[in-house]
Amino acid sequence: MFADRYDPLQDEMVSILTPDGCCDETLRPDLDDEQIRTMYRQMLTMRLYDRKAVSMQRQGRFGTYAQMEGQEACMAASTYPLEPRDWIVSSYRETGAMWMHGVPLKLLSLYWMGNEFGSHMPDGVNVLPVSIPVGSHPLHAVGLAYAGKYRQDGSVAVTYFGDGATSEGDVHEAMNLAGVYEAPCVFFCQNNQYAISVPVREQTASPTIAQKALAYGFPGVLVDGNDIMAVYAVMQEAVERARRGGGPSLIEAYTYRLGAHTTADDPTKYRDDAEVEFWRSRDPLLRVQKYLHARGAWSEDWEHELLEACTGEVEQAMNDAEAVPQPPPQDMFRYMFAEPSAALREQEAALLAALQVQQKG
Amino acid sequence: MPKKSMRDALREALHEEMERDDSIIVLGEDVITHGGPYAVTRGIDEKFPGRIRQTPISEAGIVGTALGAALCGMRPVAEVMYVDFATCAMDEVVNQMAKVRYMFGGQTDVPVVLRLPSGSARLLAAQHSQCLEAWFLHVPGLQVVVPSTAYDAKGLLKTALRGKDPVLFMEYKRLYTNECEVPDEDYAIPFGQADVKREGRDVTIVATGPMVPKALEAADLLSPEGIEVEVVDTRTLVPFDKATVFASVGKTNRAIVTDEEVKRGGTSAEIASLIAEECFDALDAPVKRVAAAEVPMPFSPELEKLVVPKTEHLVAAARELVG
Ligand SMILES: Cc1ncc(C[n+]2csc(CCOP(=O)(O)OP(=O)(O)O)c2C)c(N)n1
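Residue numbers (the numbering used here), protein chains in the order written: chain A, 1193 to 1553; chain E, 11 to 333.
It is worth saying that the hints were derived from the structure and are not from the lab.
Treat each hint with caution, since some may be false.
Straight-line Cα separation of at most 16 Å, EDC-like style, residue types lysine to aspartate or glutamate; simulated pairs [claimed, not checked]:
#, chain 1, residue 1, chain 2, residue 2
1, E, Lys168, E, Asp31
2, E, Lys168, E, Glu195
3, E, Lys168, E, Asp18
4, E, Lys252, E, Glu288
5, E, Lys13, E, Glu189
6, E, Lys315, A, Asp1212
7, A, Lys1482, A, Glu1492
8, E, Lys273, A, Glu1538
9, E, Lys315, A, Glu1308
10, A, Lys1404, A, Glu1365
11, E, Lys183, E, Asp18
12, A, Lys1482, A, Asp1493
13, E, Lys57, E, Glu27
14, A, Lys1482, A, Glu1308
15, A, Lys1461, E, Asp55
16, E, Lys315, A, Glu1217
17, E, Lys273, E, Glu304
18, E, Lys261, E, Glu304
19, A, Lys1404, A, Asp1212
20, A, Lys1461, E, Glu304
21, E, Lys273, A, Glu1540
Taking the hints into account, I'd like the entire structure generated from these sequences.
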């Protein structure tokens, strides 16, 4: 429906919930107030996690951290239609999406603290570890989708990447392969308008990213990424299409990174306050708040309750992660191959012996 | 003489050469606003408008277009944010840039300089911390440069920018802020000249990049014990200055070869076998190597410390050789 009606070549963008919190009733997806309240809570948790993560980094308790403030609707609404058997293959900015799909906040925190075990997914959680080389991972989603199709297990693979990643050849190879294989894959591009300091107009001469899908033979939809209803509706359509054998889709979620690229970045060097302020007024949480408020489904008391509960949840997760000891030296050798080679065993023994000498001396 | 950091020395070399030669252009991701990940190219846009181009995130694109531009007389200096991402451009580096002069029967110059931030730094993990010299070393047609000081970095970058063949210029992240005396006057350091950074009679440490300051530290620690270490900084790996290395080993009769790479198949393997092959008679003991274990760089800061080769490893190796 959206894929047919919204032409990315004409810059047409799906939007359902306006920044004032008014809903376009003709397009309203099947989400009741309770579901919207749940998503609001999830977005709030992401926001609180993000802010706390930045402060943890400043205190030297997290490593460099990639912020997601402003992109919460993309993550909450795009994962909402997924089933546990579906896969998520994301970049470093999708902490919220990974959490939504079952990775505990404690593990995610462990990752950001610099511990490989943070990427050791719990059984049954279909999420791949973050790959840092930009644009390297959508191909893996195509592989997962292809395997799902081969086994007829009904799973869909969703891959998240940024606007900048669309400049990498690998991303185009992924889309091309997915098109040819008719793989049950959804490409979810969060166009947050910057790749570090580089604005999206320096990445591509296409007016939209969504339109690139057309050349690969599948639909591309541009959606307001700060609008949970629109993201949910478009995503649900793409996931259903993939699940029933209709092949891949590309979704371009038009959004904005309100924070820095990472804690190592200073965004004031490349964008002005007025632009950031404009996007603050389009805050994805604010508009849900307004919407719920108008329907009598939001109150200040509830907000306080939520803030307290979600802050507690976030802090607990980070404290739990901090209580995890550093991995033992053996770990580095243990996870190289299914069975460590003789050379690795030798190196492990040498390192342990050296450490023992050190301890004694 | 003024003291400068390696970052500033590299920046100076770029500015001075761009002033001298207007065929030099700069390409890379984020190279204008942030000056690349380590701010080396900061300020070029103001001084040389139009001659620095921020690219899409597209390493194969960066190297391939740099190569194309070089084939018609430009001198591109391309930055790939981390050497880890040079792997995204390996076809362009290995199959194209390295071979095009040969395949044209020598008809064309290929003056491309790839700047490649390398090595460990705290908490950068497996995909941001690699040392990949050995990969490039193995491919005929590429020159590989690994400066260890600000002085060498400036002089070597100048030679790179005046040459006719592709250069992979390894910039070690941990060395960017190291300072030393760097003259304001123009100078260039020819490729293929190793530098004896410290003289000694008992054992030679042949070191590259970040292991050079550690070798010097080891030499300081060993001297009071009566072990005098000679430190040879290779400076360029291709071309390689065998003569200086062999002369040193000829004098000390003992050699340690060290780099920050994974030991297996690393640069140290190449240098150690050259010594064994061509300098065997001078040796009083087998060549020792100090390099990293066969694992990716762990994310955990505690484990990372165990993987990056350290001064104390060099000290221990020297004691074993001399004792
Ligand atoms: C292959 C590769 N090249 C360069 C980098 C350095 N880098 C890290 S993030 C980034 C920008 C990515 O921008 P985008 O894809 O828009 O995603 P965003 O960070 O905005 O979510 C770059 C260039 C990298 N990690 N991998």
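Here is what the structure says about each hint:
For the hint pairing E:Lys168 with E:Asp31, the CA-to-CA distance comes to about 11 Å; that is within 16 Å, so the pair holds. Pair hint E:Lys168 plus E:Glu195 holds up; C-alpha atoms about 12 Å apart against a cutoff of 16 Å. As the CA atoms of E:Lys168 and E:Asp18 are separated by approximately 14 Å, the hinted pair is consistent with the 16 Å bound. Between the alpha carbons of E:Lys252 and E:Glu288 the distance comes to roughly 9 Å, so the proposed pair stays at or under 16 Å and holds.
Under the criterion of a C-alpha separation no larger than 16 Å, the hint pairing E:Lys13 with E:Glu189 is consistent with the structure, at around 6 Å. Pair hint E:Lys315 plus A:Asp1212 does not hold up; C-alpha atoms about 52 Å apart against a cutoff of 16 Å. Taking the CA atoms of A:Lys1482 and A:Glu1492, the gap is near 12 Å; set against the 16 Å cutoff, the hint holds. At most 16 Å may separate the alpha-carbon atoms for a hinted pair to count; E:Lys273 and A:Glu1538 meet this at roughly 14 Å.
The suggested pairing of E:Lys315 with A:Glu1308 holds, with an alpha-carbon distance near 15 Å, which does not exceed 16 Å. Of the supplied pair hints, the one linking A:Lys1404 and A:Glu1365 holds, its CA atoms being roughly 12 Å apart against a limit of 16 Å. Under the criterion of a C-alpha separation no larger than 16 Å, the hint pairing E:Lys183 with E:Asp18 is consistent with the structure, at around 13 Å. A threshold of 16 Å between alpha carbons decides the hint, and for A:Lys1482 with A:Asp1493 the separation of about 15 Å falls inside it, so the pair holds.
Straight-line distance between C-alpha atoms of E:Lys57 and E:Glu27 comes to about 13 Å, which keeps the hinted pair within the 16 Å bound. At most 16 Å may separate the alpha-carbon atoms for a hinted pair to count; A:Lys1482 and A:Glu1308 exceed this at roughly 40 Å. A distance of roughly 14 Å separates the Cα atoms of A:Lys1461 and E:Asp55; the hinted pair therefore holds under the 16 Å criterion. With a C-alpha separation of about 58 Å, the suggested pairing of E:Lys315 with A:Glu1217 is violated against the 16 Å cut-off.
Taken as a hint, the E:Lys273 and E:Glu304 pair is honoured in the structure, with Cα atoms around 7 Å apart against an allowance of 16 Å. For the hint linking E:Lys261 to E:Glu304, the alpha-carbon distance of about 32 Å lies beyond 16 Å, and the restraint is violated. Between A:Lys1404 and A:Asp1212, the direct Cα distance comes to roughly 31 Å. Violation of the 16 Å bound is thereby established for this hinted pair. With a CA separation close to 40 Å, the supplied pair A:Lys1461 and E:Glu304 exceeds the 16 Å bound.
Taking the CA atoms of E:Lys273 and A:Glu1540, the gap is near 14 Å; set against the 16 Å cutoff, the hint holds.
In this structure, the earlier hints numbered 6, 14, 16, 18, 19, 20 are contradicted, and the remaining ones agree with it.
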